[in-house]
Amino acid sequence: MSGRILVVDDTPFNRRLLVRLLEDLGHRTVEAENGRLALDVLRAADTEPIDLILLDIEMPEMDGHATLAALKADEALRDIPVIVVSSVDELESVVRCIRTGAADYLPKSVDPEILRARVEASLSQKQMRDNERELTATIERQRSQLARFLSPQVAALVSSADGEALLAGHRREITAMFTDLRNFTSFSETAEPEEVLGFLRAYHGVMGALIVEHEGTLEHFAGDGFMTFFNDPVLQPDHAARAIRLAVAMREHFASLSADWRRRGYVLEIGIGIATGYATLGRIGFEGRYDYGAIGNAIILASRLSGDAAAGEILVAARTFAEAEEVDGADLIAETGGDRTLKGFSRAIPTYLITGRRGEPADAPAAAEGAAP
Amino acid sequence: MTLDPAAMTRLLDITGGDQGFVDELIDTFIEDATAQIDGLRSAASAGDAEAIIRPAHSLKSNAANVGATALEDLARDLEGDGRTGDVPDAVARVASVETEFAAVRDGLLAERAAR
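Line order of the protein sequences matches chains A and B. With the numbering used here, letter number 310 in the first sequence gets 298, and the count goes up by one each step, no holes. Count along the second sequence from 1, add 49, and you get the number used in the numbering used here.
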């Protein structure tokens, strides 16, 4: 393995000899008379990278110790291996250099075979570190790309140690929430496609940020609809309360979004359904295209409640409301939504309608106060 | 004057017997040591112990390269004393360095002419 090696020594004799020996070994060399000039070479933007530095200790202007300290303090240079070249009576200095981060040392009366061995060892270490760094960068890039397609919780789960077991499928109590828009179908028929896309972009932007802020897991969004759940893959003991908090925040933010569209002549309203229950969660789909999904009665119920909710309503299953009330208590303002008969459910489902929350967090204080009775 | 012939043999050995290159190294040594001795001389006459350290250090390392062991010892002592801040008889010792260096230089050039 050959490399580009920087030889830093103030004595021309030593420099010339080292350069000659390195070139005999097939390496390319660059010379510098002292540490300051060496740093200039290393930091010059247009030069090829240096793979290894042979560094003298005693030098005018900037000695080996100061040079080594400057290298180690520089993010871009700290991984270039440094071999300290020293005379036998400088061993104390060598120890100090190795403590500061020098990779190795060579005696001044240099033996070509020892030079070859140390240089090659340092170069292959450097190569390994470079490969490792490249690999890490690739993984990071994949992870951040992945996070753009998956919800952050699922992206984290995929790269975690017990991710495979969780993805394979597990049962857990969750609170599921369906959000969709009234009049969206007629809006998308009458508005220009560019307008529909523009609206959806703004709507997804606002709702998506709220879901992330409330740490919900977004299962999917399709057009105007979102399915979000809580308590999985990250455990959240207050999942019912979290879902209601998110719903209230969504309704408030949607109000300012829809006011904008109302002025353009489009009346859009949000409807939200929330239910708590056991679900099976994990990888759903087929080879080549999997989603992290949830299956269970709670999901169907949340979907039906969202369908049954009138414009601007947050319709919550009584069980969810009871759990949220234990956490948020008097902050929750609600009224009974009556017993609802829903498709697929043989018995009527007792429900609550969430009016608002007292002392709403800072994300929309004015709207929260307005919602209080 | 001391000149250990093993040093020259070794230089020729590690450069694959490249006489031309070793001759260049000898020229480099003479040029460099001359400058270092100039530095020593002015530091000694100014009585500046600290200014002795660096030229003495470089001369020591240069002398070792060509096998000038006596010159190396003289330079090492000067460097050591320089670090303590007190170089006794500095002017006289630098004069000995000059004498030894002149002999080493002549020896190296004679050896080269004889090759």
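Keep in mind that the hints are not guaranteed to be accurate.
[Unchecked claim] Here are some chain B residues the structure puts well away from chain A; computed CB gaps all over 12 angstroms:
(1) Leu74
(2) Gln85
(3) Asp87
(4) Ala98
(5) Lys109
(6) Asp130
(7) Thr133
(8) Gly134
(9) Ala163
[Unchecked claim] One-sided and incomplete, this derived list gives chain A residues near chain B with beta-carbon spacing under 7 angstroms:
(10) Glu46
(11) Pro100
(12) Asn119
[To be verified] Derived contacts from chain B toward chain A, CB cut-off under 7 angstroms, selection only:
(13) Ile63
(14) Thr77
(15) Phe78
(16) Asp81
(17) Thr83
(18) His106
(19) Ser110
(20) Asn111
(21) Thr118
Hints in this document: simulated from the structure, not taken from any laboratory. Where is the CB? At the ideal position from N, CA and C, for every residue including glycine.
Please name the hints from earlier in the document that this structure breaks, with their numbers sorted from lowest to highest. Structure breaks hints 1, 2, 5, 12, 17, 21.
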